[in-house]
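**Q** As you go down the protein sequences, you meet chains A and B in turn.
Residue 40 is where the first sequence starts when you use our numbering, and the numbers rise one by one after that.
Residue 210 is where the second sequence starts when you use our numbering, and the numbers rise one by one after that.
If a hint is listed, it holds; no wrong ones were tucked in.
Taking lysine-lysine pairs in the DSSO-like style, the calculated list, with each CA pair at most 30 Å apart, reads:
hint	chain 1	residue 1	chain 2	residue 2
1	B	250	A	136
2	B	275	A	42
3	B	250	B	273
4	A	136	A	94
5	A	136	B	264
6	A	102	B	250
7	A	56	B	250
8	A	42	B	273
9	A	98	A	56
10	B	264	B	223
11	A	98	B	250
12	A	136	B	275
13	B	264	A	42
14	A	110	B	250
15	A	42	B	250
16	A	56	A	94
17	A	136	B	273
18	A	96	B	250
19	A	136	B	229
Anything over 12 Å on all C-beta distances counts as not near chain B; from chain A, calculated:
hint	residue
20	53
21	55
22	61
23	95
24	99
25	101
26	106
27	110
Hints were generated in silico from the structure; no laboratory data involved.
Note that the Cβ used here is the ideal one computed from N, Cα and C, for glycine as well.
What follows is the residue order along each chain.
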Amino acid sequence: SQKIEQNSEALNIQEGKTATLTCNYTNYSPAYLQWYRQDPGRGPVFLLLIRENEKEKRKERLKVTFDTTLKQSLFHITASQPADSATYLCALELDYKLSFGAGTTVTVRA
Amino acid sequence: GAVVSQHPSWVICKSGTSVKIECRSLDFQATTMFWYRQFPKQSLMLMATSNEGSKATYEQGVEKDKFLINHASLTLSTLTVTSAHPEDSSFYICSARDQGTSGNEQFFGPGTRLTVL
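I would like the entire structure built from these sequences, with the hints used as guidance.
**A** Following this line, the structure appears as structure tokens:
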């Protein structure tokens, strides 16, 4: 069966540093992968989508890479700020439906 | 981006009662909406896919008679938790795709916190 793993449940970093989150998947051959942000008690908010033929995608201070050979995506938050504190979810689509990883909760210390 | 609303944002009910949650796409039409459930410190689990004008498609293990879904229009889907029990207490989230664009992202509602006493 398909599996999505985000290997860190929590990540604590100092303001200004880069946070790197990992998403690994098995038994999938996704055409694209998505990253979402979820704040406590709120629904997820779409951040980035990267396609299988794209190695890297950037949006402001966010950067996503996608390695279909390793079956892995890395999500980077550069120059992190306390406002970046949230849970970040990776998601893959299969048969028009999204499956989510368990998420990594990032806490940025001032 | 597209906006999806949910109502109510939270609800507390007694065991055995039914609760209806509404999901609306405010500025776009959504042929398909999705309903998720999220328990504390866990990820979102897809419950069902709601199709406008037809029956919902439920994921394995989700009781269709307990979680009634109606998608009466292109902007409204409802989830009714029938005869709710404490184990149904959870965070329910809907999402929708904007059929008018070519993007693949889903737009999520803010969620509804259900507490069954």
